[in-house]
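Visitor: One letter stands for each residue in the lines below.
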Amino acid sequence: LDGVVTSQTSLLQDCFTTRQLNALVRQQSVICNGIANLVASIDTGGGFELENASADVAALTKASVVLLPILFKFVTDAHGVAASGNNESMDVEEAPAKSSDVSMESLQKVQCVTEAISALARLAPDEFLRGLFKKLMHRLLEEIQSEAGDKEKVCALLTLSQALVTSRVLDESSVSFLYRAVKPLIRNDEDGPRVQKRAYKVLTEICERYHSFVADKDRLQEVIVLLSGTVTTSQVSSRHMRLKCLNIIVDGLDSSSSPQLVSLYAGW
Amino acid sequence: MKAAASTVQPNPPRLAFFQTMVLSLARSCDKLAAAGTAKDQRAHRDRVIALWSLFPCFCKHPADIESTVPTFTATLGRALEDKRYPELLVSWMGS
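Protein chains in written order, with this note's numbering: chain S, 5 to 272; chain P, 30 to 124.
This is chain S alone, in the form it adopts within the complex:
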């Protein structure tokens, strides 16, 4: 058997040049990249219509039901490892003196997996996705409200929420629910810089992907009050995300925006 393997491996090496093989093995996160490539292969650029889907879309929709829970579980587990040697950039307050390769790997893994989640979520059936989001929010609120809440778990759950927002599959009520859940995490800094930074990332993603949700007159005023009130409570590590969030909101303002709101911006 060893001989067969060696001969077939050398056959592969004959088919690909060493340079090509090296390029192939340098791919990041083999399986997640593959999943993202598969979804990109059937993406026509205009989103997916699951009701009148082609056979390819239907096949991937079924696969998403199996794979998404596994990927979700992976992100929740990996955050614990990442936290053991936390080296997230700019987390000055809590970062240990030395960065660890293990945590770096874990953070890279989480990033690759969340990209795959965002890609697959676009194909998942609405009902399944609603259930997944409901469970996610339930766990997030439970962790936030619990006195002995695990901050790493909150970070993991926020990362998953961010992945779902990125995929633009959530309806307005879900986005509104998520916004209300992250608001207290942004407003105060009691949960630590990592949680606040994650919460800001979710808000930034909401502002970017669901601009019409934020652009609603009353909500825009609410977001402005929220962001202007956090000048003093924002941790150093969250400031970049806060500014990014403000930038997206300001970019979305046009001449029709209420002068009152514009004056609020001017107050910053």
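Hints may contain errors.
Stated by the list, open to error - For lysine to any residue, the following SDA-like pairs were computed, each having C-alpha atoms within a straight-line distance of at most 20 Å: (1) S:Lys66 / P:Leu109; (2) P:Lys68 / P:Arg56; (3) S:Lys66 / P:Ala45; (4) P:Lys60 / P:Gln48; (5) S:Lys221 / S:Pro197; (6) P:Lys89 / S:Ser122; (7) S:Lys187 / S:Ile228; (8) S:Lys187 / S:Glu156; (9) P:Lys112 / S:Val79; (10) S:Lys66 / P:Ala92; (11) P:Lys89 / S:Ala62; (12) S:Lys157 / S:Pro197; (13) S:Lys77 / P:Arg107; (14) P:Lys112 / S:Ile74.
Hints in this document: simulated from the structure, not taken from any laboratory.
Take the given structure of chain S and dock chain P to it, following the hints.
Guide: Below, chain P without anything else, positioned relative to chain S:
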């Protein structure tokens, strides 16, 4: 976009080929890694990862998503959960 892709790729890859040929080879390497000495184990393990690393290329506009993905999903799920090969999820800077 699909049409544009197929003009770039006159012979689209087949996931079935990856599933039957490449993965069966990877399974053989995995068996050898389990049975071999420490040095062989490492070599065979690396072969498994190198063979799996072909997967993203087979996923670029494959011709047989409809027929292969339903049977391949379980394998993907098992590979994602396989604790022996975390490299399939980590950035692998091999070579």
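Visitor: Run every hint past the structure and note whether it holds.
Guide: Results of checking the hints against the structure:
Only pairs whose Cα atoms come within 20 Å are accepted, and lysine 66 of chain S paired with leucine 109 of chain P is accepted, the gap being roughly 17 Å. Straight-line distance between C-alpha atoms of lysine 68 of chain P and arginine 56 of chain P comes to about 18 Å, which keeps the hinted pair within the 20 Å bound. The straight-line distance between the Cα atoms of lysine 66 of chain S and alanine 45 of chain P is roughly 18 Å, inside the 20 Å bound, and the hint therefore holds. Straight-line distance between C-alpha atoms of lysine 60 of chain P and glutamine 48 of chain P comes to about 17 Å, which keeps the hinted pair within the 20 Å bound.
Annotation: proposed proximity of lysine 221 of chain S to proline 197 of chain S is violated, straight-line Cα distance about 30 Å (limit 20 Å). As the CA atoms of lysine 89 of chain P and serine 122 of chain S are separated by approximately 18 Å, the hinted pair is consistent with the 20 Å bound. Our distance criterion of 20 Å between C-alpha atoms is met by lysine 187 of chain S and isoleucine 228 of chain S, whose separation comes to about 12 Å. Distance restraint check for lysine 187 of chain S and glutamate 156 of chain S: the Cα-Cα separation of roughly 18 Å lies within the 20 Å cut-off, and the hinted pair is therefore satisfied.
Taking the CA atoms of lysine 112 of chain P and valine 79 of chain S, the gap is about 14 Å. The hint holds against a cut of 20 Å. Taken as a hint, the lysine 66 of chain S and alanine 92 of chain P pair is honoured in the structure, with Cα atoms around 18 Å apart against an allowance of 20 Å. Proposed proximity of lysine 89 of chain P and alanine 62 of chain S is supported: the alpha carbons are some 18 Å apart, at most 20 Å. For the given pair, lysine 157 of chain S sits about 14 Å from proline 197 of chain S by alpha-carbon distance, which is consistent with the 20 Å threshold.
Distance hint between lysine 77 of chain S and arginine 107 of chain P is fulfilled; the C-alpha atoms sit about 13 Å from each other, no more than 20 Å. Taking the CA atoms of lysine 112 of chain P and isoleucine 74 of chain S, the gap is about 13 Å. The hint holds against a cut of 20 Å.
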